[in-house]
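All chains, please: the whole structure from these sequences, using the hints.
In the order they appear, the protein sequences are chains A and B.
The numbering of the first sequence is my numbering, which starts it at 14 and goes up by one.
The numbering of the second sequence is my numbering, which starts it at 9 and goes up by one.
If you're looking for bench data, these hints aren't it; they were derived computationally from the structure.
As the structure is a prediction and not an experimental result, all values here were calculated from the model.
Cβ coordinates follow ideal geometry from the N, Cα and C atoms, glycine included.
Be careful, since some hints might not be right.
To be verified - Quick look at which bits of chain A chain B covers, simulated, 3 or more residues with Cβ under 8 Å:
id, segment
1, 49 to 59
2, 162 to 174
Stated by the list, open to error - Quick partial rundown of chain B residues pointing at chain A, CB under 10 Å, derived from the structure:
id, residue
3, K153
4, V154
5, P165
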Amino acid sequence: MRQLFICRACGLIYDEEKGDPDSGIAPGTRFEDIPDEWECPLCGVTKADFEPFEPFDGPDTGEVVGFKAGVIVVGAGIAGWSVVRALRSVDATTPILMVTACSGDSYHKPELSVAIGQNSDRASLVAKVGSDQAKEFGISLLANTYVIGIDSTTRRVRTTRGTYPYTACVLAAGARPSRPPAFAGATLFSVNHIDDWERLSKAIASSGQTRAIVIGGGLIGCELAENLVSKCRSVTIIEKQDLPLGSLIPEKAGQRLLEHLNNINVNFLGSNTVTHVVDGEGCSTVYLETGTTLEADVIVLATGLVTDQRIAKSADLRFDNGLIVDSKTLETSQKGIYGLGDCIAFEGRPSRYVEPIIKQAKAIAHAISGKAAPYKHREPVVRVKTPRLPITIEGLVKPEGAWTTKVDTEALLVMEQVDGSSKSTVSVGR
Amino acid sequence: MGSQGFRGKDLSWFDDRQVLTDVAEIAEKKLQPLANRIDQEGYYPCEIMRELAVAGAYSGHLQRYGSRYDLAIDSMTEISRHCGSTGFMSWCHDVCGLYMEQSGNSSLIARLDGHVRGNTLGGTGLSNPMKALTGIEKMALKAEKVDGGYIVNGCLPWVSHIRVGGYCGVIAGVSEKTDHEIMFLLDLDDRATLRECPKFSGMEGTSTWAIELSDYFVGEDQIIADPVRPFVKKVRPAFVLLQTGFGLGVTQGAIDSMIEVEDALGHVNQFLHDRPTELQPELDDLKAKIHELSSDVLNGAPEMLVDILDARAQVSELALRATQSALLHQGARGYLMSSPVQRRIREAHFVAIVTPAIKHLRWEMSKLMKADLAA
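Spelled out as structure tokens, the structure:
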């Protein structure tokens, strides 16, 4: 087989098939047969500065065929793909460019915490591979690409694969697990993306006898814990409040959930915080504020999400725990830039649920096309996916406020909170 | 930092406006008439660089002169506006001064006075190592520990703003296994061989040579950093940010050339893209952003590095657009080989390909963003 050699100094490639006739090296001369005095025909370094060359064979990053200017969608999660779908339903031809840090594969994120307890693999979770989905919608997809900044004056998005002009830009960039610097190491996982999920499920599968620690006993923490028990030797939740789901449900409901967790062998350590994690040989030690230490093979971070501010800062977008958007059109403080999903916040409250996203996408698609389909924000119905003790939360709850018990049987607890004209309900069990 | 301890001419270097006025005047009156000779005949304008040094062009960013990176960048902009080659060499000279000062090595600091005043000239050979340290290519120079120092071998393909008797900052790999490298000031005496480079499409007057080292001994007095990585991590933001002055100047020069023909050609130029009225505000915004980033570049937060790389990439993109547009604005007169307009297109290409090139910047930003997401 013909071998290639590259000049480490200037990048010139010596091809044995072509030789270097200008320097008297005949075509077909093998590299090892070239005299040592031979010099790089471009930069003059010697033969010793050459090394075997392997051509680049990298991941598919997608392609931007013919995208001159149009709608740029940042992010390829449920929010990103929902916007694309909504845009295509009102306008089949507007050029759309999706820029995403991942592969762009579409999947249903809420399934991830349940899937951890099943024998799922990535292929069974991915509804459609990013490039195929892009083809179907007739859009350009830039995968494995990061948005560095947006210039709202000249209307350009700067990415790690070039600068693209937009007529409208939709931010669907999501949020990321908030991770204190003291939490680091190879055993630390999160489940906010299918890539994270894949890492975690592989780690559990290879460990066999996993001791899992879930940091954070909120919605994701409880869902994960219930689904992890079938796969792990032990599962412990560490939560700073005294009861699970403390910021979402009243005490009485929390007690019931706690009993349930105990019954299914989830160890719940309430009123506890982790100070730091120390990586060890194959497992880690988790240090609690109380002085207790715990060993873990897998640590899952479920302490909530934060929205990255880089894009907001670069485009001078108003921000309060998330992008501040118009309540009807979801346009940010800069004209032509919209936001939806996990990266926006209403009155400083981020809405990190899937339910509103489709309506938000529809409102944005219409606003961009100059039509009206105003969004109306409503607290989404939250269903905690703890299969053996389903929990539903409706309305904006204040756990500390007054609650009335509506149903209280062994299998079901329903509680209600009335605040002026608004009513909230929490139901635990069936 | 105050001006205590400085006397005579040095004192005027603390007056930003004075420095910029003097630098701009030398660049316009003396450098500009030579720009063609520099570009095409390869004339190395060391006399003018000395004058620029005396005016304070190469002092601002140094800690001893108050770490005024904005002043160093603005000086470089004024120089590059008239001659990109000299603007680029100004960057070489600036970062070489930065290495010497930040080395903390008293032998090198003792040489800094002569360097800032332009009595001696020195550049930087970090193109290959900067790429090597970030994983793009392999280290070209190899060092071996010996009694009292190191022996270095290898070849650096093209290093600018050097000549026999000059010097430059370089890095050599000691061991790939332990990520050990050394950085030193390479004195280009008879122990080093300078070899001519092939003819480039532009930047001919930058005195660019290939350096060949064969058992070159590096003593304590030449060491800039050992180990290198913490040092490079510290100076890299400054290294990249300073370079923006070169591209900003080439862009400003291009806009100047568009405005120059506005009276004569405005009636047709109005149909062009990237008009001076569009480009000037973009340039001004970018410059303001760069000034902001320059306030504490040696001690900035880690996330600032992406902003600096981003700014540097934007400078490249803007220089490419502006110089291209300037040629369209000037038409045939800009296409004459004697016209600065066509020269600047080649200069802008260099802005975009010199390390860190646009592709390196994107590679690095991508790496940093990925690491940040994983953190």
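Going through the hints against the structure:
1. Using a Cβ-Cβ cut-off of 8 Å, 5 residues of the segment 49 to 59 of chain A lie near chain B, which meets the minimum of three, so the contact claim holds.
2. As drawn, the segment 162 to 174 of chain A meets chain B at 6 residues by the rule of a beta-carbon pair under 8 Å; at three or more, the given contact holds.
3. Here the hint on B:K153 is broken, as its CB sits about 21 Å from the closest CB of chain A, past 10 Å.
4. Restraint check, B:V154 versus chain A: the minimum CB separation of about 21 Å is more than 10 Å; hint violated.
5. A cut of 10 Å between beta carbons decides the hint on B:P165: the least distance to chain A is about 4 Å, and the hint holds.
Violated hints for the displayed structure, listed by number in ascending order: 3 and 4.
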